[in-house]
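Model the full assembly from the supplied sequences, consistent with the hints where possible.
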Amino acid sequence: MVQSQSLSTLTICGSVQVYSTWRNRLNPAKSSALVGNRCVSCRFLRRSSSLRSHWKSLKQRNLLRVEARWPFQGGDQGPDPSSERSESANEDILIFFFQLDLATRVQYALNVEQYDIAQQLREKLTEVEEEAIRLQEGKRGSSSKSEAQDKGISLIRLRADLQNAIDSEDYGLAAKLRDEISKLEAESLAVSAKALAFENAKYAFRLGQKLRHKTFGYRAVVCGMDPVCCESSSWIEAAEVEKLPRGSNQPFYQVLVDVRTHPDLLVAYVPEDNLLAPEKPDKERFDHPYISFLFYGADTAGDFIPIQQLREKYNKPRHEVPYDSQDED
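Numbering of the sequence shown is given in my numbering, commencing with residue -17 and proceeding in unit increments.
I should point out that these hints are in silico values taken from the structure, not numbers from a laboratory. A couple of the hints might just be wrong.
Simulated pairs of lysine-lysine, DSS-like, Cα-Cα distance not exceeding 30 Å [as the list claims (entries may be wrong)]:
| id | residue 1 | residue 2 |
| --- | --- | --- |
| 1 | K225 | K196 |
| 2 | K265 | K106 |
| 3 | K165 | K196 |
Pairwise CB distance ranges, derived in the manner of DEER restraints [unchecked claim]:
| id | residue 1 | residue 2 | range |
| --- | --- | --- | --- |
| 4 | E266 | E119 | 32 to 40 Å |
| 5 | E113 | S216 | 19 to 27 Å |
| 6 | E302 | N231 | 27 to 35 Å |
| 7 | E219 | E167 | 18 to 26 Å |
Glycine is no exception: its CB is placed at the ideal position from the N, C-alpha and C atoms.
What follows is the structure, encoded as structure tokens:
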């Protein structure tokens, strides 16, 4: 992926700026010289060339101009599909690609007995992994625990100050401290709820599952998940999340959108309320530039099989398709 071929694949989808930011931390000129473009063990490089050709053929057939339209959607009222576009979700996926690429480079260097180079790459991989873990913890609730604890300590101090203000009859200060306590209590409750949600998350859908958007009708594949919304307040407002039955306190999914039905929306961040599993297995073709990087292929039910690293990222087991004797008939 770091090679120019796969990098051009990311350029197509407008993601190269984020990807290049992470690459620059490696000194790309040096890293390219270290391993070169001949990594026979890198399946990503081999796939990217055919993927780029496939994308070009899609453009030539004008399939990318087709946009999904839900027949019951009323005019321009309410949000459109782009309201659920998420740059942070896309960046999360690209950082994941970067980790995979570095790991591949390390293995190649070991295969050709370039041990010094392998050690340098391994150190860079460790840096990226540590940064990814830090970002993931900040997003997925691990930091919420410590934040809730810090707010709890602050509440104890403020209550002590409040009591001292009352004892000294400084009622102006007491009123101010009361307001601060009320605000901090609300914040503490929110972060505690978020941390609890991440610990006890239950998802209706799984990695690699093909779904359909209830409102906009486009087809999508799950490639990531959070037990609650981890986007900004402005994004939540634009997507009208609070108007949903469960608001922002429900699972949200990073999904890849079929480019044949909605070419302008590659990665969306969708609440569980807005997703629907098909009644019958969806074995129709699904086109997206990230598919071959994140999944091994499709199972017998038509859903995609996540690569091992993606399952490990979300601590999810491999889904086994139930055996059906009728399939043999």
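Structure-based check of each hint:
1. In summary, the hint linking K225 to K196 is supported, as the alpha carbons are separated by about 15 Å, within the 30 Å threshold.
2. Between K265 and K106 the CA atoms are separated by roughly 40 Å; this puts the pair beyond 30 Å, and the hint is violated.
3. Restraint check: the Cα-Cα separation between K165 and K196 comes to about 37 Å, which exceeds 30 Å; the hinted pair is violated.
4. Separated by about 38 Å at the C-beta atoms, E266 and E119 satisfy the suggested range of 32 to 40 Å.
5. The supplied range of 19 to 27 Å is met by E113 and S216, whose beta-carbon atoms lie about 25 Å from each other.
6. For the pair E302 and N231, the beta carbons lie near 31 Å from each other, so the given range of 27 to 35 Å is met.
7. In this structure the supplied range 18 to 26 Å holds for E219 paired with E167, their Cβ-Cβ distance being about 24 Å.
Going through the hint list in order, the structure does not satisfy hints 2 and 3.
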